[in-house]
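The whole structure should be built from the sequences, with the hints applied where relevant.
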Amino acid sequence: QVQLVESGGGLVQAGGSLRLSCSASGRTFSSYVMGWFRQAPGKEREFVASISGSSGYRNYANSVKGRFTISRDNAKNTVYLQMNSLKPEDTAVYYCAARLPSGSYNSWGQGTQVTVSS
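Numbered per the numbering used here, the sequence shown spans residues 1 to 118.
Everything labelled a hint here was simulated from the structure, so no lab data went into it.
Wrong hints could be hidden among the right ones.
Cut-off 30 Å, straight-line C-alpha distance, at most; resulting in silico cross-link-like pairs (BS3-like, lysine-lysine) [what the hints assert, rightly or not]: (1) 87 <-> 65; (2) 76 <-> 65; (3) 43 <-> 87; (4) 65 <-> 43.
Below is the structure:
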């Protein structure tokens, strides 16, 4: 497992942008698939985006395609989520997570709050 710490959340108006960062401990960061999830009040946690460790293959939830971009810098042990054209329905606590290619997400950060005002 790796230890994950998110940052970059905050309050933004609709149409604005934020960039979330997730810093990971450990020397094998590039081996992990990294994902972003979110949980809005009263709702279940949902998948937002993921990126593989080696090929950089990206996957996105339909609700964020074209607006959010996930990226990683393996030299800095960091994964990012660039969020553009934010909507009030993007308001949630955003979590960073990690898994090995053959496993399930088993390392989670503490979460960072994103609030989009209308």
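Evaluation of the provided hints:
Our distance criterion of 30 Å between C-alpha atoms is met by residue 87 and residue 65, whose separation comes to about 13 Å. Of the pairs offered as hints, the one joining residue 76 and residue 65 holds, with about 26 Å between alpha carbons and a cut-off of 30 Å not exceeded. For the hint pairing residue 43 with residue 87, the CA-to-CA distance comes to about 17 Å; that is within 30 Å, so the pair holds. As the CA atoms of residue 65 and residue 43 are separated by approximately 20 Å, the hinted pair is consistent with the 30 Å bound.
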